[in-house]
Amino acid sequence: MDYTWNWSALWSLSLDGRLTYFETLLLGLAWTLATALSAFVLALLVGSLLGVMRSAPVAWMNRVGACFVELFRNVPLLVQMFLWYFVLPELLPDAAGDWLKQLPDAQFYTAVLCLGCYHGARVAEVVRSGLGSLSRGQGMAGQALGLTLPQTYRYVLLPMAYRIVVPTLTSEFLSTTKNTSVALAIGLVELTASARAMQEGTFQVFEAFAVATVLYLALNLVIVFLMRVLERKAQVPGYVSGHEKGGR
Amino acid sequence: MSMIAIKQVSKSYGDFQVLKNCSTEVAKGEVVVVCGPSGSGKSTLIKTVNGLEPINQGEIVVDGTTVTDKATNLPQLRSRVGMVFQHFELFPHLSIAENLALAQMKVLKRSRAEALAKGAALLARVGLSAHADKFPGQLSGGQQQRVAIARALAMDPVVMLFDEPTSALDPEMVTEVLDVMVELANEGMTMMVVTHEMGFARKVANRVVFMDAGEVVEDADKEAFFAEPRSERARQFLSKILAH
Numbered sequence: 001m002d003y004t005w006n007w008s009a010l011w012s013l014s015l016d017g018r019l020t021y022f023e024t025l026l027l028g029l030a031w032t033l034a035t036a037l038s039a040f041v042l043a044l045l046v047g048s049l050l051g052v053m054r055s056a057p058v059a060w061m062n063r064v065g066a067c068f069v070e071l072f073r074n075v076p077l078l079v080q081m082f083l084w085y086f087v088l089p090e091l092l093p094d095a096a097g098d099w100l101k102q103l104p105d106a107q108f109y110t111a112v113l114c115l116g117c118y119h120g121a122r123v124a125e126v127v128r129s130g131l132g133s134l135s136r137g138q139g140m141a142g143q144a145l146g147l148t149l150p151q152t153y154r155y156v157l158l159p160m161a162y163r164i165v166v167p168t169l170t171s172e173f174l175s176t177t178k179n180t181s182v183a184l185a186i187g188l189v190e191l192t193a194s195a196r197a198m199q200e201g202t203f204q205v206f207e208a209f210a211v212a213t214v215l216y217l218a219l220n221l222v223i224v225f226l227m228r229v230l231e232r233k234a235q236v237p238g239y240v241s242g243h244e245k246g247g248r
Numbered sequence: 001m002s003m004i005a006i007k008q009v010s011k012s013y014g015d016f017q018v019l020k021n022c023s024t025e026v027a028k029g030e031v032v033v034v035c036g037p038s039g040s041g042k043s044t045l046i047k048t049v050n051g052l053e054p055i056n057q058g059e060i061v062v063d064g065t066t067v068t069d070k071a072t073n074l075p076q077l078r079s080r081v082g083m084v085f086q087h088f089e090l091f092p093h094l095s096i097a098e099n100l101a102l103a104q105m106k107v108l109k110r111s112r113a114e115a116l117a118k119g120a121a122l123l124a125r126v127g128l129s130a131h132a133d134k135f136p137g138q139l140s141g142g143q144q145q146r147v148a149i150a151r152a153l154a155m156d157p158v159v160m161l162f163d164e165p166t167s168a169l170d171p172e173m174v175t176e177v178l179d180v181m182v183e184l185a186n187e188g189m190t191m192m193v194v195t196h197e198m199g200f201a202r203k204v205a206n207r208v209v210f211m212d213a214g215e216v217v218e219d220a221d222k223e224a225f226f227a228e229p230r231s232e233r234a235r236q237f238l239s240k241i242l243a244h
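Protein chains in written order, with this note's numbering: chain L, 1 to 248; chain V, 1 to 244.
What the hints contain is simulated information worked out from the structure, not anything from laboratory work.
On a predicted model such as this, the values are computed, not experimentally measured, just so you know.
Do not rely on the hints blindly, as some may be mistaken.
[Claimed, not checked] Lysine-lysine pairs mimicking DSBU-like chemistry, simulated, CA-CA at most 30 Å apart:
| id | chain 1 | residue 1 | chain 2 | residue 2 |
| --- | --- | --- | --- | --- |
| 1 | V | Lys-7 | V | Lys-28 |
| 2 | V | Lys-106 | L | Lys-233 |
| 3 | V | Lys-70 | V | Lys-106 |
| 4 | V | Lys-134 | L | Lys-233 |
| 5 | V | Lys-28 | V | Lys-203 |
| 6 | V | Lys-20 | V | Lys-240 |
[Claimed, not checked] Chain V regions said to be covered by chain L (calculated; three or more residues, Cβ under 8 Å):
| id | stretch |
| --- | --- |
| 7 | 84-90 |
| 8 | 100-114 |
| 9 | 135-144 |
From the three backbone atoms N, C-alpha and C, an ideal C-beta is built for every residue, glycine too.
With the rest of the complex left out, here is chain V (with noise of 0.2 Å):
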């Protein structure tokens, strides 16, 4: 079955085209890697799947829902969808605690000490629980980000999107955050994640979706396309990120 699936998908800014008819699936269990160079519209894809960038043309069904569909209540699918961006966003004017229980609260009801016994528990799980009465700014870029996927978890959701997770983090602070991540596959977590950690994909992704200007240019099983991608594009891609 089916959790995310995107049909011909394509979305302009006035006359640059960035998505130019992408089709893919994530199916409820798995882990897809979306990767590609930079402006490929990997980003811009993600952001469509719960309807933050809106599209021109195609369809976006994600469990059950149709996305695309002017009549489908956006908040009330996006708090079943966790999101995790690159710069974090968590919000600077409350502490760990409140960031967690904000929406919990606001959209999913909960009392205020459900919420935060909740966020409690998941800042125990990301390895916070110390952090939780400090403000974002206080924390190290990692622990920031560690923060932003317990915050997208404590609304339950049925798929997790990370966009970019790791790009903004000092190297030293990357393992981390992947190492969450990968708990989180192990634990079935359906996941769609644009990245270029490689080494993450390698461990736990299921398919490799690779983009190149606006197109999906290959969506493959994860072994097919790191033992030989079958485009030139993510060939070249591919020597280049792991030249080293």
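Looking at chain L on its own, in the form it has when it is part of the complex (with noise of 0.2 Å):
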């Protein structure tokens, strides 16, 4: 193989003649940080609701959720990212339109909103099945005591069923933040859109990658200790497991 190794190059200027390529490297994974917290945060709110919706007595909600779940877990995500960058302000009136494509960063909202949306629909059917593996009769002795279904949901079912998917949920969390990498497609300069931009100034196509895989690695471990300390902490004294007590 021909390749002359070079270390660095990471210091030298980057394009901009500001920052340094390391540097541009540490904003791009900044980036990819806000990117993939924003996402998972709306991606657990959209979930959730979904999730909730797929799984309530009521037949509309059932339609309404599964309809976005398949929508949004069938297609893509990049060809997502390009209708919702390239696609959606066309299809709005023409000032809405002109106000989103002016907006400051709006390829980083745009990030979110695909990616939560996408998870979103994923998390859902996470939620679901959570929801899922509780007996019937929880549900039953929360509105036998009078709590209303949304409060059932509220302080009986949820409260277990995220318990009890927090390992899957942890998955999906790092699926986001690799998945932060699509929105280069859309001029968002997070960290794979970095290396790229050090691989093209220098040519050092090795060196700007092994930073940038060094950095991802880095982050979904921080993501995997984190979520290991939130289901240690969610764990139920005494609890085996849903089936186990109350399952038929």
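With the hints as a guide, bring the two chains together.
Pasting the structure below:
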């Protein structure tokens, strides 16, 4: 292999003339982190709402939930990214479309929205399976005490469902982080785009992507660690599994 | 005065009819035991009383409120009807004290202090004060079921429904739960109890309702039922479960 390693390229000034390539990569990491966090929070909100809708004993809610989930999880993420960024503003009334296009950091907001909906559809299935793993008697017990259906979800069903699915949500969080790289296609200069910029400016492709790889790995390992802490905190003393007791 | 009136209630799951034209009543202060072979529809019937199971035909009136009326505020009605389930159904993520306080606070709008105090008093009554800070998964089945009874009582119900409260328990824990129920009955609580515990029925029931294949086959005073059931099906059922 004919390749000349040159790690010092990391410290050379990037094409913008202000930051070194290493600083550019760190800035990219910051955007990746911001996008991943915002998108995952949005995915949790969207997913919880849809997961509840898909499990609720209300026919129209089931249908709306199912349509959303199937739409967003069955179209490739890259296509969705393009749809949100290039197609949506054209479909809106002119004023709204122009406002969207001129929004500072439009790529960031678009990426968050797109990833939030895509992963929200997947979180919805996770939440639904968590709710489904609880015995039917749990919902009945809540309602028998006089709690309304929304209160039963809020205080009885969801707290247990979330606890059961923490490990699955961890993987979904990791996927969200990794999928932020797709946003480079709409011009968000996140970590992968920063590595590409360094590759193009210095031709040191190995160094650029070696650093990006290590940064991605480190970021996700931190997430794994934090989610493990959460998992331990969420453990219910004496609780074995949803089917052990009250399950039939 | 009747606390629960079940009038010509029918219910089907698709082609399968679980309840066929069932009627019975529970008067205020009365204890009615519902028994019958499994699959006879008795658990479904008791769940129709507080509207957990919707029905296709008939009418159910609880304490003057028509359960089957679409305009009825079901959560409000249910808050006055205590229910105890076969599998306890305590909320596993909440401590015992919180299990007792939750609905008091969210439904009856009691303050947290008030709800905890009421819960503590009821826990003392079922002999479980020492376990207030434990979680359901840390208690035995019998203890969990006593907590479940206390949780229902915390709402100051006018009537209590029991759906096979001892059938999921190990034999040695049945008595501790039945003792609590006998005490309740002796205090004059109105109770509808689905159970196979004929000893309990003999001791505290006023009436026995015998169901088979979705029908109320027999609805009789306790003495009459145990002395000589009118129907052949009830006779067979009794001879089987009282054989030992």
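Evaluated hints:
Restraint check for Lys-7 of chain V and Lys-28 of chain V: the C-alpha separation of about 17 Å stays at or below 30 Å, so the hint holds. Straight-line distance between C-alpha atoms of Lys-106 of chain V and Lys-233 of chain L comes to about 25 Å, which keeps the hinted pair within the 30 Å bound. Distance hint between Lys-70 of chain V and Lys-106 of chain V is fulfilled; the C-alpha atoms sit about 23 Å from each other, no more than 30 Å. Distance restraint check for Lys-134 of chain V and Lys-233 of chain L: the Cα-Cα separation of roughly 16 Å lies within the 30 Å cut-off, and the hinted pair is therefore satisfied.
The hinted pair formed by Lys-28 of chain V and Lys-203 of chain V meets the criterion: a straight-line CA distance of about 18 Å does not exceed 30 Å. For the suggested pair Lys-20 of chain V and Lys-240 of chain V, the alpha carbons sit about 24 Å apart, so the restraint of at most 30 Å is met. Counting residues of the stretch 84-90 of chain V whose beta-carbon sits less than 8 Å from any beta-carbon of chain L gives 6, enough to reach three: the coverage restraint holds. With a cut-off of 8 Å between beta carbons, the stretch 100-114 of chain V has 5 residues touching chain L; three or more are needed, and the interface restraint holds.
With 5 residues having a beta carbon nearer than 8 Å to a beta carbon of chain L, the stretch 135-144 of chain V meets the requirement of three or more and the stated coverage holds.
Comparing the model with each numbered hint stated earlier shows that all of them hold.
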